[in-house]
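Novice: All chains should be modelled from the sequences, with the hints used to inform the complete structure.
Protein chains in written order, with the numbering used here: chain A, 8 to 325; chain B, 8 to 325; chain C, 8 to 325; chain D, 8 to 325; chain E, 8 to 325; chain F, 8 to 325.
Calculated directly from the structure, the hints in this document are not laboratory data. There are no misleading hints in this set.
Result set (DSBU-like, lysine-lysine): computed pairs, CA atoms no more than 30 Å apart in a straight line:
#1 E/Lys107 - E/Lys87
#2 E/Lys40 - A/Lys57
#3 B/Lys12 - D/Lys40
#4 F/Lys97 - D/Lys87
#5 D/Lys184 - C/Lys224
#6 B/Lys87 - D/Lys91
#7 C/Lys150 - E/Lys318
#8 D/Lys87 - B/Lys40
#9 B/Lys76 - D/Lys40
#10 C/Lys40 - C/Lys91
#11 B/Lys184 - C/Lys318
#12 F/Lys184 - A/Lys318
#13 A/Lys32 - E/Lys87
#14 C/Lys87 - A/Lys27
#15 A/Lys66 - C/Lys12
#16 C/Lys40 - E/Lys12
#17 E/Lys318 - C/Lys158
#18 A/Lys66 - C/Lys91
#19 E/Lys91 - C/Lys57
#20 E/Lys32 - C/Lys57
There are 6 protein chains.
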Amino acid sequence: MTLIKQLQAQDEFMGFYLLKELEVKQTNSTPAKDYFDIVLCDASGQLSAKFWDVSPTDKETFFPMGLVKVQGLVQTYREKLQVKINRIRKVTPEDGVAVKDFIRSAPLSPDNLIQTIHRVMDSITNDTIKRLVAFCVEKVEEKLQHYPAAKTHHHAYFAGLAYHIVRMLEIGEFICKQRPFLNEDLIKAGIILHDIAKPEEMIAQLGIVSDYSVQGKLLGHISMAANWITEAAIHHGIELQSDLVLGLQHIILSHHNLPEWGSPVLPQIPEAVALHYIDSMDAKLQMVEDALELTPETEPWTPMIRGLENKAIYRLNL
Amino acid sequence: MTLIKQLQAQDEFMGFYLLKELEVKQTNSTPAKDYFDIVLCDASGQLSAKFWDVSPTDKETFFPMGLVKVQGLVQTYREKLQVKINRIRKVTPEDGVAVKDFIRSAPLSPDNLIQTIHRVMDSITNDTIKRLVAFCVEKVEEKLQHYPAAKTHHHAYFAGLAYHIVRMLEIGEFICKQRPFLNEDLIKAGIILHDIAKPEEMIAQLGIVSDYSVQGKLLGHISMAANWITEAAIHHGIELQSDLVLGLQHIILSHHNLPEWGSPVLPQIPEAVALHYIDSMDAKLQMVEDALELTPETEPWTPMIRGLENKAIYRLNL
Amino acid sequence: MTLIKQLQAQDEFMGFYLLKELEVKQTNSTPAKDYFDIVLCDASGQLSAKFWDVSPTDKETFFPMGLVKVQGLVQTYREKLQVKINRIRKVTPEDGVAVKDFIRSAPLSPDNLIQTIHRVMDSITNDTIKRLVAFCVEKVEEKLQHYPAAKTHHHAYFAGLAYHIVRMLEIGEFICKQRPFLNEDLIKAGIILHDIAKPEEMIAQLGIVSDYSVQGKLLGHISMAANWITEAAIHHGIELQSDLVLGLQHIILSHHNLPEWGSPVLPQIPEAVALHYIDSMDAKLQMVEDALELTPETEPWTPMIRGLENKAIYRLNL
Amino acid sequence: MTLIKQLQAQDEFMGFYLLKELEVKQTNSTPAKDYFDIVLCDASGQLSAKFWDVSPTDKETFFPMGLVKVQGLVQTYREKLQVKINRIRKVTPEDGVAVKDFIRSAPLSPDNLIQTIHRVMDSITNDTIKRLVAFCVEKVEEKLQHYPAAKTHHHAYFAGLAYHIVRMLEIGEFICKQRPFLNEDLIKAGIILHDIAKPEEMIAQLGIVSDYSVQGKLLGHISMAANWITEAAIHHGIELQSDLVLGLQHIILSHHNLPEWGSPVLPQIPEAVALHYIDSMDAKLQMVEDALELTPETEPWTPMIRGLENKAIYRLNL
Amino acid sequence: MTLIKQLQAQDEFMGFYLLKELEVKQTNSTPAKDYFDIVLCDASGQLSAKFWDVSPTDKETFFPMGLVKVQGLVQTYREKLQVKINRIRKVTPEDGVAVKDFIRSAPLSPDNLIQTIHRVMDSITNDTIKRLVAFCVEKVEEKLQHYPAAKTHHHAYFAGLAYHIVRMLEIGEFICKQRPFLNEDLIKAGIILHDIAKPEEMIAQLGIVSDYSVQGKLLGHISMAANWITEAAIHHGIELQSDLVLGLQHIILSHHNLPEWGSPVLPQIPEAVALHYIDSMDAKLQMVEDALELTPETEPWTPMIRGLENKAIYRLNL
Amino acid sequence: MTLIKQLQAQDEFMGFYLLKELEVKQTNSTPAKDYFDIVLCDASGQLSAKFWDVSPTDKETFFPMGLVKVQGLVQTYREKLQVKINRIRKVTPEDGVAVKDFIRSAPLSPDNLIQTIHRVMDSITNDTIKRLVAFCVEKVEEKLQHYPAAKTHHHAYFAGLAYHIVRMLEIGEFICKQRPFLNEDLIKAGIILHDIAKPEEMIAQLGIVSDYSVQGKLLGHISMAANWITEAAIHHGIELQSDLVLGLQHIILSHHNLPEWGSPVLPQIPEAVALHYIDSMDAKLQMVEDALELTPETEPWTPMIRGLENKAIYRLNL
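Specialist: See the structure below:
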């Protein structure tokens with residue numbers, strides 16, 4: 008079976024793919040005929056495809072996010088590859104394929120990631136901090152298993168958010184060793200909590216964000232997470248105006264650093280400054296790493312990366 | 008007794024004033040001598056003053072925010088008026104003067120303002136909204152009697168915040184009549200709540216802000232008020248994710264309109280759009296009105312007003 | 008007859024509509040065939056449509072801004088509704104329909120609006136101001152009956168400009184009562200004059216702006232209106248450098264507030280500050296109200312609104 | 008007699024100077040004594056000075072912009088030179104000195120400059136343009152003899168505005184030869200008119216701006232000049248909406264190029280684009296030339312120049 | 008033979024053109040058919056064209072940048088002209104046409120331009136400067152014959168860069184005469200060197216830039232040229248830290264003036280200030296001149312010009 | 008002996024200090040008397056001081072950067088501490104104190120830091136990179152022993168630059184382990200070279216920058232370092248256009264990330280992206296750490312930190 012990343016112009020191929028998007032359109036011939044405008048994907052990438060001569064049954068058979076077996080031909084359209092589908096059918100249990108094999112995922116398993124997050128949470132020495140963190144994590148425990156960290160910006164894949172957290176925890180552990188004046192409990196808590204409301208801010212399935220929730224649009228994940236701390240503190244009977252509660256809320260509120268990047272306050276405690284740079288470093292380097300991975304090795308330049316000021320990344324020949 | 012606004016160069020005068028600021032300084036003569044660098048004020052304005060030849064007793068007698076009787080001479084220094092104090096003593100009960108007569112205040116009495124706010128609160132038809140608003144107002148009930156609305160920007164005087172709210176309520180009432188598609192309950196609630204956390208964000212006495220609180224710096228009044236809604240909803244058992252709670256939090260979070268003005272989200276419900284413009288209109292016009300009032304009528308231009316892009320206001324001769 | 012706003016996918020329908028846009032295009036079949044790419048509208052909204060198999064006669068029969076009777080089918084194209092026209096013919100006098108019934112209009116009649124504007128003009132107590140205002144209004148008297156206030160931004164419909172003025176006059180009346188230090192004559196004059204040159208800045212028909220005039224591009228409506236004041240003052244023999252003339256010109260020049268929004272000077276008299284906020288409040292709230300009205304009530308979100316920083320407006324469920 | 012530019016620390020000197028600024032201040036000794044805080048200047052530069060022990064007669068004798076004979080000593084204060092005045096008296100007719108010899112002036116005489124401007128005006132071939140230009144020039148004919156081009160930015164000296172115009176005319180003549188598609192009449196007119204309202208925007212004496220006029224603040228010289236064109240056209244019976252009138256107004260309105268630099272419209276005719284760059288080039292290079300001239304040749308760096316983004320200019324050693 | 012600029016809707020025509028762009032596309036009929044999506048150009052302009060029914064031989068015959076003879080029909084598509092090609096063949100030697108006649112070129116011949124540049128180089132009096140300039144020019148001597156000055160911004164045609172340099176040298180000569188304090192050698196050198204690395208920054212053929220080089224993207228032409236000066240100085244044994252080397256590097260580095268326009272340092276010597284304005288004036292006026300030339304004289308407005316803040320240029324009717 | 012950080016109002020004290028700044032000023036008494044306006048410092052901080060009644064001998068005895076023994080009294084002036092010096096004398100050899108004990112220094116010894124840098128340089132596996140790095144380091148080998156990393160921004164103390172490099176190398180080592188796709192040689196080289204030209208950009212003594220060099224102002228350390236790579240490559244006969252040379256120059260040029268922060272190009276290779284964030288993280292956290300260290304532990308807030316958007320840092324009470 009051919010991976011999408013390997014398909015080239017003029018290839019005839021057959022294989023299993025995920026119908027990531029499917030739209031029924033009409034040709035402008037008279038009478039107009041229906042066709043499918045499709046995006047096929049697997050874990051290696053995605054490709055647009057057309058299926059002409061759609062029957063009424065087809066329209067009731069194929070839907071987005073379903074697995075299909077496709078036999079097709081790779082053509083070129085507007086300098087891009089595009090598949091002309093000759094035959095297509097739904098996957099049956101006998102095919103023995105699973106949706107999760109066809110989507111991009113974090114390099115580590117969700118279980119592994121969640122375990123790491125819990126291990127770090129358990130290592131927080133201040134009990135009050137630990138309980139506040141636990142309360143918030145519990146709210147999204149299930150979604151943390153599969154949510155991406157963003158719609159397109161970075162870590163936009165299955166379990167991307169948990170992966171982002173785990174990688175940041177690694178940086179956090181290092182930086183606390185390098186600069187012992189930082190409070191390690193706050194760094195750990197800040198990393199786990201900074202994007203904790205994202206699973207409620209965005210609506211995602213299989214690591215793909217389709218939209219923002221009403222709450223996400225009206226409040227934003229930063230204010231949502233600050234609210235959760237309030238909720239957690241009330242739940243556990245912790246003084247709302249204690250420096251500890253203020254500190255955690257401050258770290259969350261300020262982690263985008265500048266107002267124009269979405270933070271209502273600038274970082275004003277050491278751990279908030281640290282968190283912002285740990286977050287940036289991990290997000291930006293992941294964008295670079297992912298872009299390189301999705302670009303065929305024969306290409307010297309990746310596509311432009313929006314999160315890097317629309318610059319492409321170059322592979323040096325050393 | 009002469010009002011500060013009326014004093015002119017070369018005037019000899021005597022009267023009661025408030026010691027708004029007092030600093031002990033040393034002359035650079037040898038040996039250095041102590042003197043007081045003072046700001047005297049009454050409700051009509053303020054003036055800097057010097058009291059040379061300070062005795063050790065004086066240093067233990069006079070402090071900022073105390074009332075004094077002063078006999079002095081008005082001089083000119085760097086093109087500004089300045090008082091040379093000849094005699095100064097503390098006010099005694101027999102003098103029959105009260106601090107509140109010497110500070111700038113809202114044109115309406117605190118009681119009157121608070122009553123109006125309560126009356127409007129009572130007129131909110133949606134009970135849940137009413138209870139959420141009441142919970143937040145109760146938190147600052149006492150401070151609302153005297154807090155200013157800002158450090159220097161606008162309504163920076165005794166009961167300035169309550170006055171700002173009451174005037175906005177008048178605009179709100181008008182605009183709801185003009186545009187019935189607006190939800191009047193939300194407009195009322197938004198106006199009362201939008202700056203409700205300011206008394207906890209700032210540290211003020213007699214209508215004068217001396218600093219921001221730790222909480223004010225780390226969270227800001229916008230996020231603080233959003234938290235209070237969470238607290239209020241939990242207290243009253245209201246669903247945290249109901250549109251009503253989200254809506255109120257959204258109105259508060261978005262009322263500065265743009266991120267660079269401090270709002271983490273832009274207005275996305277009609278009442279949030281309305282609130283931003285009601286707030287701006289009242290704040291800006293009050294700045295203009297106050298600047299004109301504090302400027303002698305013989306001056307065609309007020310001083311520059313920071314909140315109006317550092318422009319001065321001109322009195323047209325029509 | 009079905010309103011455009013009510014049409015749904017798969018509907019077959021017949022009715023009268025306005026051909027808001029019409030372009031002859033060619034299919035890419037060989038030989039290429041002509042078809043019409045059309046925008047149909049009525050007062051409730053607009054919809055794109057295709058008419059395939061266009062005959063040479065058709066091309067000489069149908070033109071933009073003509074009324075037609077259409078029989079068609081609603082299809083879906085790229086997730087949007089689109090009409091496939093089966094039959095189309097021009098309207099005849101017998102059909103008894105008029106263009107004005109098919110376009111969006113201010114909720115009040117032009118006559119009503121113009122009368123209100125004249126009534127307010129007459130109420131200006133300062134005769135010089137009254138004459139200056141009258142001179143400028145007279146220049147665009149006829150166009151004020153139907154011009155929109157902007158190309159797309161706000162009040163972009165038949166008599167939108169007059170409606171914007173009238174609603175601002177209501178706010179102006181309120182604010183002058185609330186803050187008597189404002190000069191009511193200047194507020195009235197400023198409101199009537201601030202956009203008075205727009206009918207010469209833009210080229211519009213039936214409330215729809217097709218382009219800006221040469222004068223509009225080279226000078227802009229703000230400088231044009233300032234020029235008109237000069238003209239009016241010369242006409243009436245009023246001193247060009249009187250505070251009254253300067254004041255009116257200043258209000259006009261500064262009403263966009265910031266240079267980057269098009270004002271060469273910042274507001275520096277109280278009425279100029281007031282006018283800017285009266286204008287903003289009315290324009291922004293009208294954008295919100297119009298967007299909600301054009302959005303089917305089943306949709307919780309309006310489309311994005313350019314004048315509100317590209318945000319959509321949400322209907323809360325209270 | 009020693010030029011101010013030549014004075015050095017510890018010099019004792021005597022000479023005639025202009026009292027550019029004079030303020031009566033009080034020492035903080037008790038009793039306080041009056042002294043003069045003075046700025047002395049001549050055409051080579053300026054220096055601050057103190058005159059201690061001022062008598063009541065002195066206060067009625069010395070005023071800003073008067074000529075004086077001074078005997079003094081050069082001291083250092085805060086790393087800057089400062090004169091301690093030992094003796095000072097007013098100039099008498101017998102001294103045979105004139106104010107104009109003590110101020111900075113354009114390198115060419117006002118007569119010479121005005122003649123050039125008139126000669127160029129006469130060379131305009133289009134009679135209508137010529138008459139419009141003449142009308143505006145006539146308004147400020149007298150002030151053009153001595154007004155500076157700006158408060159501090161550039162050409163801030165006696166006849167600086169006329170000098171700026173004349174030098175721009177030289178560039179204009181060159182550029183019209185180099186690029187014959189430019190309309191030379193418009194270039195000439197644009198150069199003469201672009202800052203023509205500055206003498207009414209600013210209040211100046213002897214080439215020194217003390218303030219902006221009310222008109223200057225409320226309208227700005229750009230809109231004022233646009234108004235003058237309207238006035239001129241009405242005066243000469245020229246069609247206000249002719250391309251010629253629009254074109255001239257457009258050139259004036261757009262010559263600051265960007266809104267944030269004060270232009271309500273961007274350049275949209277070739278001559279407007281040209282004018283902006285002719286103006287910038289002359290202003291910026293004059294700032295550089297003047298800064299170098301006022302800096303002692305032994306100094307490698309000039310002071311920072313506000314109009315050049317606060318950069319200093321370096322003298323290369325080639 | 009008809010020039011492209013002269014073609015009008017419905018014209019049938021035959022002539023020689025350059026295939027500026029050619030892409031093979033497929034129709035969405037079933038089975039899909041190949042067609043050519045083409046851009047035809049000659050020196051007067053360019054036009055898109057379609058050639059339906061492409062044969063396999065055609066696909067091996069026609070390539071971008073080849074000359075062809077075309078017989079076709081001018082149609083309208085989306086309000087723009089578009090050619091329907093009926094017959095097309097490659098040019099043969101017998102046709103006697105050359106590619107260079109079909110592309111836009113500077114108005115002066117490359118030889119002429121290069122000679123002027125060399126003549127000015129020879130006139131540099133400081134030998135060290137002359138040698139540094141010569142070293143850099145030699146690097147791109149050949150490419151200077153035909154490279155454009157930019158991808159689309161300005162002087163985007165055959166020998167556009169050399170033409171830009173020559174025209175700037177004319178301005179430079181004038182300004183040095185007008186302001187003798189400028190060092191003419193530095194002005195000449197700065198003009199010749201400021202964009203000297205552009206031929207290595209961009210990849211161009213026949214005056215058309217297809218992409219930026221790796222070096223161009225990673226360093227940019229400004230830093231590249233600064234490096235070349237280092238190289239030249241080492242080559243000629245000139246002290247790298249001499250003011251002369253620093254000065255030349257500074258002029259190059261600062262010639263975009265502001266950091267956001269690409270200059271790492273602001274101009275800090277007189278010649279660097281001058282160079283920036285000489286460069287801007289020439290580039291902007293050339294944009295205007297070229298836009299007018301490419302716009303049919305019947306059109307009052309040119310298309311929008313990106314380098315002029317997206318404004319169009321208007322032809323006044325004087 | 009009392010550390011400056013420990014001095015409090017009213018303290019009488021005696022001790023050794025460094026005269027960091029000294030200016031001779033005059034009182035405004037008549038006759039004016041000289042006094043010293045002084046900044047005293049030791050490694051714990053600095054304090055301003057006055058020495059009245061300066062004798063002519065004193066003026067020839069005391070100079071900035073000299074060590075002195077002082078007996079004085081701590082007073083309060085404008086809410087800040089200030090020393091009144093009663094007696095002062097120069098340090099003699101017998102006092103046994105050394106300048107270096109009185110200045111702020113990196114926490115590690117210069118030798119230690121330089122050794123680490125050399126060790127990492129030696130560990131670079133690519134010989135060409137190693138030789139390019141060595142060439143540049145050699146240029147500033149001596150100054151690297153003591154130069155600060157900036158004038159005031161961060162690491163502004165003795166050996167601050169070397170310390171910054173060493174700490175970044177620690178982060179670099181970690182991040183290369185965490186993300187093996189990064190080229191460790193480039194990361195090491197980039198860290199060592201990114202600020203390598205700072206010792207030639209700034210003029211510093213004892214870790215205190217007094218000014219920028221001419222070269223520093225005209226080129227900036229970023230372009231200077233890029234030039235050094237060119238020089239190094241020529242010296243070692245390495246191809247100037249090899250990806251390796253381009254890559255190193257690119258990392259240096261882009262390390263400030265955005266043009267407005269001084270980088271002419273944006274990061275476009277993975278190591279350039281990484282370097283920017285390693286640099287930011289180290290600089291910002293050091294600012295925080297230093298500010299906390301210089302602030303008495305009793306103070307909850309540090310002074311405002313310019314490099315952190317003028318925010319102060321708060322010590323949470325957990």
